[in-house]
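Colleague: Spelled out, the chains give:
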Amino acid sequence: MFLKVQLPWNMMIPAENMDAKGLILKRAILVQLLDAFASKKATKELGYYVAVTALDKIGEGKIREHTGEVLFPVMFSGMTFKIFKGEIIHGVVHKVLKHGVFMRCGPIENVYLSYRKMPDYKYIPGENPIFMNDKMSRIQVEATVRVVVLGTKWMEAEREFQALASLEGDYLGPIFEE
Amino acid sequence: MSGEEEENAAELKIGDEFLKAKCLMNCEVSLILEHKYEQLQQVSEDPMNQVSQVFEKSLQYVKRFSRYKNPDAVRQVREILSRHQLTEFELCVLGNLCPETVEEAVAMVPSLKTKGRAHDDEAIEKMLNDLSLVKRFE
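Chains A and B, in that order, are what the protein sequence lines are. Note that the UniProt record's numbering has the first sequence beginning at 1, numbered continuously upward. Note that the UniProt record's numbering has the second sequence beginning at 1, numbered continuously upward.
None of these hints come from the bench; they were simulated from the model. What you were told as hints is all true, and nothing was included just to trick you.
Below, in silico cross-link-like pairs of lysine-lysine (DSS-like), each with a Cα-Cα straight-line distance of 30 Å or less:
no. : chain 1 : residue 1 : chain 2 : residue 2
1   : A       : 40        : B       : 13
2   : B       : 13        : B       : 126
3   : B       : 57        : B       : 20
4   : B       : 57        : A       : 98
5   : A       : 44        : B       : 22
6   : B       : 69        : A       : 4
7   : A       : 4         : B       : 113
8   : B       : 135       : B       : 20
9   : B       : 36        : A       : 4
10  : A       : 117       : A       : 135
11  : B       : 36        : A       : 40
12  : B       : 113       : A       : 117
13  : A       : 57        : A       : 41
14  : A       : 153       : B       : 20
15  : B       : 57        : B       : 135
16  : B       : 57        : B       : 22
17  : B       : 20        : A       : 41
18  : A       : 41        : B       : 57
19  : B       : 63        : B       : 20
Cβ-to-Cβ under 7 Å is the rule here; a few derived chain A residues that face chain B:
no. : residue
20  : 4
21  : 86
22  : 87
23  : 107
24  : 171
Just so you know, these numbers come straight off a predicted model, no measurement behind them. Backbone N, C-alpha and C fix where the C-beta goes; we use that ideal spot for every residue, glycine too.
Taking the hints into account, I'd like the entire structure generated from these sequences.
Modeller: This is how it looks when you write it as structure tokens:
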């Protein structure tokens with residue numbers, strides 16, 4: 001799910017930029033914001049940091065005495081991405097293994113669907129292995145599968161999420177895309 | 001696995017801050033991110049180098065999973081879904097997964113039928129019909 005967020009951050013602008021006129025200063029603040037936003041990548045609370053959509057407010061600058069930098073409190077709007085236990089999502093399969101498949105969903109690379117959670121599907125080995133059921137429905141690389149999220153895990157070191165999924169439920173399974 | 005034992009989107013147990021949060025449908029995100037990407041193309045020879053991996057993967061994903069492409073259609077979808085006393089989360093799940101029947105809609109958003117809410121089948125059916133009209137005339 002993509003979420004709209006509004007956050008207060010502090011931007012540190014070096015003394016050199018302070019001689020510039022208002023518009024250039026604003027640009028320096030924006031550039032730093034975009035940089036900081038992209039470096040953040042993701043947090044456990046809000047999910048993956050996708051994009052800044054607006055710079056809503058720039059507060060009064062405060063000089064940092066020791067470094068000569070100026071601290072500007074800013075308020076900005078942006079969007080993040082996070083999935084929740086119980087949420088139904090569309091995943092794109094990128095790896096098929098004997099015991100299950102890995103899917104990506106938005107910026108999340110590893111949503112794992114175990115064979116145990118794919119009732120009636122059997123692994124068919126080969127150069128391009130797939131899972132298939134009696135009705136010839138296939139789960140293969142690049143296929144879209146509608147799944148329910150069983151749980152998510154935040155990996156602090158990598159700053160990313162992993163998730164477990166299941167096909168157990170109505171209207172779940174591979175989706176034919178137009 | 002999950003941090004909170006009780007988290008369950010099917011019952012709208014996703015935390016107060018997310019229940020109150022504004023959510024965006026894939027088609028809305030697609031319009032926003034594509035616009036940003038186009039702005040970058042005007043000032044940079046290699047726009048893909050200027051955006052984060054998170055941005056790139058998100059853009060790829062929403063381009064693939066946007067049911068509605070036209071900005072007016074996207075606005076209409078949001079408008080139609082907003083008439084039905086849904087939380088933002090439920091609204092976006094419906095707008096993203098595009099269920100075709102009432103049964104499918106309830107399977108995608110089980111919270112529609114819980115908590116003593118007044119979502120009768122007729123109202124849900126009307127909503128789905130209005131959505132399919134938007135698609136047809138897009």
